[in-house]
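Trainee: Assemble the whole structure, with the sequences as input and the hints as a guide.
Residues per chain are reported as follows:
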Amino acid sequence: MSRVATVAAAILPLAFLAAFFAWPVLSILVMGLAPDGGLDIAAIADAWGRPWLLDTIVFTVALGATITLGSVVAGLPVAWLFARVSFPGRTALRALTVIPFVLPTVVVASAFLALLGPRSLLADLVAGNPWLPDLRLRLTDSAAAIVLAGVFYNVSVVARLVGGLWGQLDPRTEDAARALGATPLRTFREVTWPLLRPAVVSAASIVFLFSVTSFGLVLLLGAPGQPTLEVEIWRQASVMLDIPVAAALALIQIVGVTLLLVVNARWQERLAVEQRLRPAAETARPPRTRRERALVTCIALVTILFVGLPLLALVERSLITADGYGLGSWQALTVAGPRSPLSEPAIGAVIDSLTFALATLCIAGPIGLLAALVVGYHRGWLPRSFDALVMLPLGTSAVIVGFGFLIALDRPPLDLRTSILIIPIAHSLIALPFVVRAIAPVIRSIDPRLREAAAVLGAAPHRVWREVDAPLIGRAALVGAGFAFAISLGEFGATLFIARPETLTVPVAIDRLLSRPGASSFGQAMALATVLMLLTATSMVVIERFRSTRAQGTW
Amino acid sequence: MSRPAPARSIRRVLLGGTVASIVTAALVTTTVAQSPTPVAPVAPTGEVVRLLTHGSFALSDDVLASFTTLTGATIQVLEATDAGSAVNQAILTKSNPVADVLYGVDDTFLSRALDAGIFEAYQPAAAAAIPAELQLDPTGQVTPIDYGDVCINIDLQAFAALGIDPPATLEDLTDPAYRDMLVVEDPGLSSPGLAFLLATIERFGESGDRTWLDFWADLRANGVQVESGWEAAYYGGFSGGAGEGDRPLVVSYASSPVAEVFYAEPQPTEAPTASMTDGCYRQVEFAGVLAGTQQPELARALVDFLLSEPVQEDIPLNMFVYPALPTAQLPEVFQTHTAVPAAPVTMDPARIAAGRDAWIEAWTQTVLR
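Those sequence lines, one after another, are chains A and B.
Residue numbering for the first sequence follows my numbering, beginning at 1 and increasing consecutively.
Residue numbering for the second sequence follows my numbering, beginning at 1 and increasing consecutively.
None of these hints come from the bench; they were simulated from the model.
Where a beta carbon is used, it is the ideal one built from N, C-alpha and C, also for glycine.
There may be inaccurate statements among the hints.
Cβ pair distances, simulated, as ranges [claimed, not checked]: (1) B:Ser-95 <-> A:Ala-22: 17 to 23 Å; (2) A:Leu-26 <-> B:Lys-94: 15 to 21 Å; (3) A:Leu-12 <-> B:Ala-129: 54 to 60 Å; (4) B:Gln-365 <-> A:Leu-259: 31 to 37 Å; (5) A:Gly-324 <-> B:Ala-129: 47 to 53 Å.
Residues from chain B that keep clear of chain A, each with C-beta distances beyond 10 Å, as calculated [to be verified]: (6) Ala-168; (7) Leu-170; (8) Asp-246; (9) Glu-265; (10) Glu-270; (11) Thr-273; (12) Thr-327; (13) Gln-329; (14) Glu-332; (15) Val-340; (16) Ala-350.
Mentor: Set out below in structure tokens:
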């Protein structure tokens, strides 16, 4: 990319991040830490001197690292399955693994409890057989529950982001290694892994940030009295109403995350290997040997069990009525009346959710693509800082961003505090890193000799880009688009903390149902969670379809 | 569209401003024209008054719409996740208020809100009828709108199956007969959790033979389970109703058994849960006009409206709390299925504000460390 083109591409993402991230966050930090103009050293010292702070930071980092490690280990085989093997039901399985990503934490907690809790099917089994180990899960058991749920959430992030590059690696490199006598393990270690590392590092950084800033997970599944930094920021800001302490803690979070991101960006650059990428449709093939078939079956089964069973447990709970199984909760969703906690039938919530998701896609898609072009085609500290800036919203406390919106976006031309637009904008902030991280590793891996060859053959620069880069980027962009859509469906980010105009998206409706006591409210919440699952899976299948037709069209 | 009012869904917003306002204006004109008692609108039609509240806010559509009939203005509801966030948003936007009225600040946050000076002094005339025990703001800046009692809830089936009587008093909870049976919420994170903590402080006191901390130490020895919030405690820890838990006692609301009945299909004659009448804490929710509002007249009208009989009588089945106005009629299901707390505790907001941090810290040390 020429210098002019790069600057032009960087302008829109920079403006977006400046207006909707940097400015709000700076405003709230200044309000908290320098209320009278000068820095309030005493308040900062007070916050940083709290005895529990070090424990909290260590626990936060350890938790994030464990979830990240677990997600990478669990996600790599799934990435291979999705990228390299064509088998019946692949699209369905890919769609299935994304579902956990959008589910509200409280629903995921319910799913695990329904499966493994004190009143689950497993509990009945254990109760009847005294010699079986007591595997029953309690909400407050230990960090193990958080890690389990964290991996459940993030497996699809690793599978998709790594799978995106893996699917485009030229299989002939591996075939050559195998033909020269290397074992499959050695081939992976010495050939595939080095080529794949940039995508793994990229996905791992997202999972890490996502885990350390997930506060619902820790609140709901964590041990009481053991908060993460994010939970503590939320508690100070939202419960204790102590903005200075919250801001001082947020500062630690932002500085820590920025350092991590700069190191990570440098690491990604260093690891990038330029290579001949192949269209994904060409690299996937059916399993050939019996061992391969066994491996594929095994990975697919474990994935279905790990992801599918908790989801099935939700569906089962949605079918429980006062007198046995029935469709009572489902019927209740189609009407809204005086006896329902919802003000309108659930179909309205579905339409609202889809509209926001589409809006998020339209904002985060193009902006993310532009940012990825800048980050992918250039090296050096400037693009690296730019990459860190794009990722930063993911690692910044949502309550800080939300309150920042409130005090910064309160004047024309950006008087958006109570505008409905603020919702897709907040979702886009979280979606952007996913879009960038889906595309940039692919751009970095494109072999420049392909372009040189095209140029030698007489193609003009824009034609080279269109013929060589664009098709590869296009497919990666669709992976990013899928995430942008899913993030909005799942209501991630600062929207929780803004005074939003009364809108009823599916996650908000689920939350509203679950804030009421009563068996039928619970049943309806589970039914609506099932709707959210179907909605997500269908959207993913539609996006996949778009991907495969595009791929066929361009190749 | 039954209600020409706030943006409940984006579809309506996407209709476009002009179309929407024409429709609104048309609907308003018709409703006003059909109104049996013609009221002169105090504001030109199309004006919007903004109500900042928490995520549990709900009123019937027709009741909300009747505000338009009365004043010509429509209510735009802005929802924060919880009461704390709503108060914080009002404090943060003090110089350029995000809303005209704040509703949902409770007694535990009231001091902070009053100290921050976010309210303009105003109380409706009808406030004179509100019982003195709910009038926790001597400065007259905010008006009690509703109250709810935080009480221990009991899974009746579980106790029937065990063949023992459920506990009747706070003291019973430390009896080994009720070992490993209670779930509570972390008072540092959850509003009912804090309310229950305040009930124990008021009951056992901060000094004497058995202080509130001694009581909690006994509860811990008796196997109390702590969850982060109400949803986790009620649906994850409690065995009553639809929960996934296995503990028959939970800190919830006196009205929770009503909701268990009201939302069930078909409605049972007996509630599956009951609330203990001892050891309840009375949470009071207030509304007030936010200082700096551009439309003080409408804002005051909105506070009047919240305390008017139609809204007060609509509150119980929408938010499962009690109306502050004693003359408001309670729905029948409320009268049948709630046990009236014996002597619910309230606490002076100033005392809560002064003691809260230290209490939560001491509680954390005693129960969790």
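Trainee: Given a hinted range of 31 to 37 Å, is it respected by the beta-carbon distance of Gln-365 (chain B) and Leu-259 (chain A)?
Mentor: holds (34 Å)
Trainee: Measuring Cβ to Cβ, find out whether Ala-350 (chain B) lies farther than 10 Å from everything in chain A.
Mentor: Non-interface label on Ala-350 (chain B) holds, nearest chain A Cβ at 15 Å vs cutoff 10 Å.
Trainee: Would Thr-327 (chain B) pass as off the interface with chain A, using Cβ distances and a cut of 10 Å?
Mentor: holds (22 Å)
Trainee: Regarding the assertion that Asp-246 (chain B) does not contact chain A, is the least Cβ-Cβ distance greater than 10 Å?
Mentor: violated (4 Å)
Trainee: Would Leu-170 (chain B) pass as off the interface with chain A, using Cβ distances and a cut of 10 Å?
Mentor: Holds, because the least Cβ-Cβ distance between Leu-170 (chain B) and chain A comes to about 21 Å, which exceeds 10 Å.
Trainee: Using the Cβ atoms, figure out if Leu-26 (chain A) sits within 15 to 21 Å of Lys-94 (chain B).
Mentor: Holds, since Leu-26 (chain A) and Lys-94 (chain B) (Cβ atoms, about 19 Å apart) stay within the stated range.
Trainee: Beyond 10 Å from every chain A Cβ: check whether that's true for Val-340 (chain B).
Mentor: holds (18 Å)
Trainee: Given a hinted range of 54 to 60 Å, is it respected by the beta-carbon distance of Leu-12 (chain A) and Ala-129 (chain B)?
Mentor: holds (58 Å)
Trainee: State, for the Cβ atoms of Gly-324 (chain A) and Ala-129 (chain B), whether the hinted interval 47 to 53 Å holds or is violated.
Mentor: With Cβ atoms ~49 Å apart, the hint holds.
Trainee: Is the claim that Ala-168 (chain B) lies outside the interface with chain A correct, judged by CB distances over 10 Å?
Mentor: holds (21 Å)
Trainee: Could one say that the CB atoms of Ser-95 (chain B) and Ala-22 (chain A) fall in the range 17 to 23 Å?
Mentor: holds (21 Å)
Trainee: Beyond 10 Å from chain A, beta-carbon-wise, is Glu-332 (chain B)?
Mentor: Holds: least Cβ distance 13 Å, greater than 10 Å.
Checked against the numbered hints above, the structure breaks hints 8, 9 and 11 and satisfies the rest.
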